[in-house]
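Residue numbers are given in this note's numbering: position 148 of the sequence shown equals residue 162, and the series is strictly consecutive.
Check before you lean on any hint, since a few could be wrong.
[Claimed, not checked] Distance windows between CB atoms, simulated: (1) P143 with L59: 40 to 50 Å; (2) A149 with L89: 39 to 49 Å; (3) I66 with F46: 36 to 46 Å; (4) F78 with Y150: 34 to 44 Å; (5) N47 with S80: 43 to 53 Å; (6) A67 with L89: 11 to 21 Å; (7) Q102 with S73: 17 to 27 Å; (8) Y146 with S95: 35 to 45 Å; (9) Y72 with N47: 15 to 25 Å.
These aren't lab readings, by the way, just hints derived from the structure by calculation.
C-beta atoms are modelled at their ideal positions from N, C-alpha and C, and glycine is treated no differently.
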Amino acid sequence: MQQKNEKTIIIHWLAHHNPKRADFNNHVLYLFNHAVCLGCFSFLLGVIVALIAGNLFYSYIVRFLSFPIVLTMFLICWIPSILQYSIQFMIKKPLNNRAMKFLTRFLYPIGSIIFIFNSPLWGFLISVPAGYSIAYIRKLKNRRLVKNE
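Build out the structure end to end from the sequences listed, making use of the hints.
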């Protein structure tokens, strides 16, 4: 990882972690003097790839994959995240909005899967509020970072 002067690093909107944490460098990737959160970057990259692949191969996906298969694949991929949040809930790790963050990160893809395979109305009603909740939580975290500096 590159060592950067603190004055030259811009905390990008994706890097919502506190830069004063001791393990801050383990959670961010430095791109053009911007600190970008690795988890958020991978989530954003995954969404972009999924949207592109979903639009390009929509007819094949709907024809060959069923709703239970896609839902099972999603749950298998999210087992590490579910386990991580479960452990953090059990040890009562103090962090604001942890339950809301977990629910929105879980409900947004579930809503998207339901939207494609089962019911466009229910998928829309689940995924849109979850997506806006993710954006709202990020906005709250950015305000807190500015107040703490």
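- Message: Going through the numbered hints above, which ones does this structure break? Give me the numbers in ascending order.
- Response: 1, 2, 3, 7, 8, 9
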